[in-house]
Amino acid sequence: MRHTDNDERIWQVVALIPEGKVATYGDVAAQAGLPGAARRVGAALKKLPEGTKIPWHRVINAGGRISLPPGSDSYRRQLELLRAEGITLRESGAIDLRRHRMLPA
DNA sequence: GTACTGACCAGAT
DNA sequence: CATCTGGCCAGTA
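First residue of the first sequence: 159, per my numbering; consecutive thereafter.
Calculated from the structure, these hints are not laboratory results. None of the values given here were measured: they were computed from a predicted structure. Glycine included, every Cβ here is placed at the ideal spot set by N, Cα and C. Any given hint might turn out to be false.
Using 25 Å as the maximum straight-line C-alpha spacing, the simulated SDA-like pairs for lysine to any residue come out as follows [stated by the list, open to error]: (1) 211 with 246; (2) 205 with 169; (3) 211 with 249; (4) 205 with 249.
Derived CB-CB ranges, DEER-like [as the list claims (entries may be wrong)]: (5) 191 with 220: 24 to 32 Å; (6) 235 with 257: 27 to 35 Å; (7) 207 with 250: 27 to 35 Å.
Can you make the complete structure from the sequences, with help from the hints?
Right, dumping it as structure tokens:
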């Protein structure tokens with residue numbers, strides 16, 4: 159298995175998401191110069207090693223929800239990392255994008 | 001080579 | 001709300 163240039167771009171974009179903010183898979187893809195390639199973002203994040211510094215947990219889907227199997231270990235890990243920086247889920251189970259989304263400056 | 005899959009998404013039903 | 005549809009495109013089989 160070998161990571162690609164696209165993976166590199168994606169990781170770099172994710173690395174720029176500030177603490178307390180989030181971005182959608184689509185946002186990341188667009189900023190990485192890969193509009194419409196939201197699915198590639200998820201694939202790239204899966205390749206990240208365990209102890210990575212890349213804040214992969216700040217990437218959520220367009221519905222403001224964690225895009226991992228609810229109840230899975232990875233889901234709980236992401237939720238905890240988010241809560242640790244002040245990002246919580248609403249009653250619906252979704253994050254308030256209006257408040258936390260990193261909008262294009 | 002083809003066929004299916006997926007940490008997605010917007011729009012329609 | 002829940003499904004479905006078509007689009008996306010690199011991995012995997």
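Check: Taking 27 to 35 Å as the hint, is the beta-carbon distance of residue 235 and residue 257 inside that range?
Finding: About 22 Å separates the Cβ atoms of residue 235 and residue 257, which means 27 to 35 Å is violated.
Notebook entry, point to check: Are the Cα positions of residue 205 and residue 169 separated by 25 Å at most?
Noted result: holds, 10 Å
Next item on the list: Please work out if residue 211 and residue 246 have their alpha carbons no farther apart than 25 Å.
Entry: Distance of about 21 Å is within 25 Å: holds.
Next item on the list: Could you tell me whether the CB distance from residue 191 to residue 220 stays inside 24 to 32 Å?
Entry: violated, 19 Å
Note to self: The hint says 27 to 35 Å between residue 207 and residue 250; measuring C-beta to C-beta, is that right?
What the structure shows: holds, 33 Å
Next item on the list: Would you mind confirming whether the straight-line C-alpha gap from residue 205 to residue 249 stays at or under 25 Å?
Entry: Violated - the C-alpha atoms of residue 249 and residue 205 are around 31 Å apart, more than 25 Å.
Checklist line | Satisfaction of hint between residue 249 and residue 211, Cα-Cα up to 25 Å | finding: violated, 30 Å
Hint violations for this structure: numbers 3, 4, 5 and 6, all remaining hints satisfied.
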